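Colleague: Given next are the chains, with one letter for each unit.
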Amino acid sequence: MKNRVVITGLGVVAPNGTSVAEFTHALKNGHSGIRFHKELKALNFSCQIGGIPKVSDELKSKYFTDLQLRGFNSSGILYGCIAGIDAWKDAGFNVDSESKVDYNTGLIFGTGTSGVEKFREAIYKLDEGQVRRLGSTVVLQTMASGVSAYLSGMLGLGNQVTTNSSACSTGTEALIMGYEHIKNGKAERMIVGSCSDHGPYVWGGFDAMRVMTYKHNDQPELGSRPMSASASGFVPGSGAAAIVLESLESALERKAKIYAEVLGGNVNSGGQRNGGTLTAPNPEAVQRCINDAIENANITPKDVDVINGHLTATSKDALEIENWATVLNRKGQQFPYINSTKSLVGHCLAAAGAIECVASIIQLKEQFVAPSINCEDLHPEIEKLVTREKIPNQKLDLEFDVIAKASFGFGDVNACVLFKRFMA
Amino acid sequence: MNKEELIAKLKPIIAPYIQDEESFKNLTEDTDFVNDLKINSANLVDIILDIEDAFDIRLENEDMEQMLDVKSAMNIVTQKLQG
Chain A
0 MKNRVVITGL
10 GVVAPNGTSV
20 AEFTHALKNG
30 HSGIRFHKEL
40 KALNFSCQIG
50 GIPKVSDELK
60 SKYFTDLQLR
70 GFNSSGILYG
80 CIAGIDAWKD
90 AGFNVDSESK
100 VDYNTGLIFG
110 TGTSGVEKFR
120 EAIYKLDEGQ
130 VRRLGSTVVL
140 QTMASGVSAY
150 LSGMLGLGNQ
160 VTTNSSACST
170 GTEALIMGYE
180 HIKNGKAERM
190 IVGSCSDHGP
200 YVWGGFDAMR
210 VMTYKHNDQP
220 ELGSRPMSAS
230 ASGFVPGSGA
240 AAIVLESLES
250 ALERKAKIYA
260 EVLGGNVNSG
270 GQRNGGTLTA
280 PNPEAVQRCI
290 NDAIENANIT
300 PKDVDVINGH
310 LTATSKDALE
320 IENWATVLNR
330 KGQQFPYINS
340 TKSLVGHCLA
350 AAGAIECVAS
360 IIQLKEQFVA
370 PSINCEDLHP
380 EIEKLVTREK
390 IPNQKLDLEF
400 DVIAKASFGF
410 GDVNACVLFK
420 RFMA
Chain B
0 MNKEELIAKL
10 KPIIAPYIQD
20 EESFKNLTED
30 TDFVNDLKIN
40 SANLVDIILD
50 IEDAFDIRLE
60 NEDMEQMLDV
70 KSAMNIVTQK
80 LQG
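If you're matching them up, the sequences are chains A and B in order. So for the first sequence, numbering that gives the first Met the number 0 puts the first residue at 0; every next one is plus one. So for the second sequence, numbering that gives the first Met the number 0 puts the first residue at 0; every next one is plus one.
One should not assume that every hint holds.
[What the hints assert, rightly or not] No more than 20 Å apart at the CA atoms, straight line, and that leaves these computed lysine to any residue pairs for SDA-like:
(1) K37(B) with R69(A)
(2) K37(B) with Q67(A)
(3) K124(A) with K37(B)
(4) K124(A) with D49(B)
(5) K61(A) with R57(B)
(6) K40(A) with F205(A)
(7) K79(B) with R131(A)
(8) K37(B) with S135(A)
(9) K124(A) with D55(B)
(10) K124(A) with R57(B)
(11) K37(B) with K27(A)
(12) K124(A) with V44(B)
(13) K256(A) with P391(A)
(14) K70(B) with D49(B)
(15) K364(A) with P391(A)
(16) K124(A) with I46(B)
(17) K182(A) with E248(A)
Simulated from the structure, these hints should not be mistaken for laboratory data. Owing to the predicted nature of the structure, the values given are computational and were not obtained by experimental measurement.
Just chain A, same shape as in the assembly (with noise of 0.2 Å):
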């Protein structure tokens, strides 16, 4: 007998919301975080916009206590520690440097990397000879796993503690490793989620590789616009969210809140063959994946109700759109209704599927589907394939069940998860 899997917590620290309340109110209302950065204009990057949270300091010391926060320059490991203790206390549960340890409890927070800044201070001190005075706390900073370091430590986790990395699909994908872990029985409980650092040094690679729009400097809120045809790039994000994800019997055992069930889900790669490359998805894999997904979640295509895209605002969203119409067999008016998360907070990168997840478990739990915005003149590829009305500039309210949440990313990796409304 596999256990079944609930949501019990959320927490999300977004460039338009640094709370589950800040960011529900943002996606109700299709508020953007993206802003303009004086920064990325001085070291003459041509994206000069981006999504940052604000996190004023204040707030900082709230999760981190003076001693850490020593030397600490690691925004990934911020963000992520803050959404993971937000979303363990939304789950009814305390912060205690005493607890015992909790060895039902894990947590998979994911990255693409950490600390680099923390690691640009370090490189420079080393080449000048200084490498004795480093201090303590540069590996932690910038291993891959610190934020699980970090975090597990704060909470007192003792079952498995790790860090995935999937690119762009890295925190759909840490969803559905803790989805299993629980369904197959060796935790109660999982946090999973994923983080980002921001800034130049994380955005600079994209930004040489063209793939960020340089056309809406003088209107970041314009600038993120999947799905629109003039879509000419992503815009960079960052932050980090984090699930509670908890079996149903404990959940229910504890008499606590239940957000969504995660019915399923599937992680593929398409093996950079069939028109996949490093930076481009084999659509066939794609397909795959979201049908695996479907039948994994034990339903039907027909019974997707609304979709979560990827959908960066890139010219692939027209082929995105094509392979959901694809492998649902649904078009016009019956595709289901659609949206992209990045058209409020940028590509948020290695966050981006986490910040996303709990943006689709936001939108079920409170029954509206959010806006995208900037897609006012759709792609006509797009439009081909999808009724304008399934696609909300404005928050639509919407008794709905099912929503699915996809995410692709560099090295041809696919993941994608199905919640549903928990009615108990």
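With chain A fixed as given, assemble chain B onto it according to the hints.
Modeller: Quick look at chain B alone, frame taken from chain A:
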């Protein structure tokens, strides 16, 4: 610098890293960094760096190995200042 002055200068350097307020309040020459003040041993290197900055001295690996309590820290700092 006499002993009292030296302790007074060391205390704020150590303060951010201590995990036992009571021992810190009653700090003497015999107070041990790890056993009494419950300082995370990884942070001892940070204390060394802060001492180097505050006294404008350089502490070698051998000095670090000996600096386990207030007394040894005072001795080593005094030597370096005289040297």
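Colleague: Within 20 Å, alpha carbon to alpha carbon, are K37(B) and K27(A)?
Modeller: violated (48 Å)
Colleague: Does D49(B) lie within 20 Å of K70(B) when you go C-alpha to C-alpha?
Modeller: Holds, at about 17 Å.
Colleague: Does K37(B) pair with R69(A) here, judged by a C-alpha cut-off of 20 Å?
Modeller: holds (18 Å)
Colleague: Assess, step by step, whether the Cα of K124(A) is no farther than 20 Å from the Cα of V44(B), and give holds or violated.
Modeller: holds (16 Å)
Colleague: Has the given pair, K124(A) with D49(B), been kept, meaning a C-alpha gap of at most 20 Å?
Modeller: holds (16 Å)
Colleague: Holds or violated: K40(A) and F205(A), Cα atoms, limit 20 Å.
Modeller: holds (15 Å)
Colleague: With the threshold set at 20 Å, check whether the alpha-carbon distance from K124(A) to K37(B) stays at or below it.
Modeller: violated (29 Å)
Colleague: Does K256(A) pair with P391(A) here, judged by a C-alpha cut-off of 20 Å?
Modeller: Violated. K256(A) to P391(A) sits at ~29 Å, over the 20 Å cutoff.
Colleague: Measure nothing beyond the straight line between the CA atoms of K79(B) and R131(A); if it is 20 Å or shorter, mark the hint as holding.
Modeller: Holds, at roughly 18 Å.
Colleague: Given the hint that K61(A) pairs with R57(B), does the C-alpha gap stay at or below 20 Å?
Modeller: violated (36 Å)
Colleague: For a C-alpha distance cap of 20 Å, please report whether K124(A) and I46(B) respect it.
Modeller: Holds - the C-alpha atoms of I46(B) and K124(A) are around 18 Å apart, at most 20 Å.
Colleague: With a cut-off of 20 Å on the C-alpha distance, tell me whether K124(A) and R57(B) pass.
Modeller: Given pair K124(A), R57(B) holds - Cα atoms ~16 Å apart, limit 20 Å.
In this structure, the hints that do not hold are numbers 3, 5, 11, 13, in rising order.
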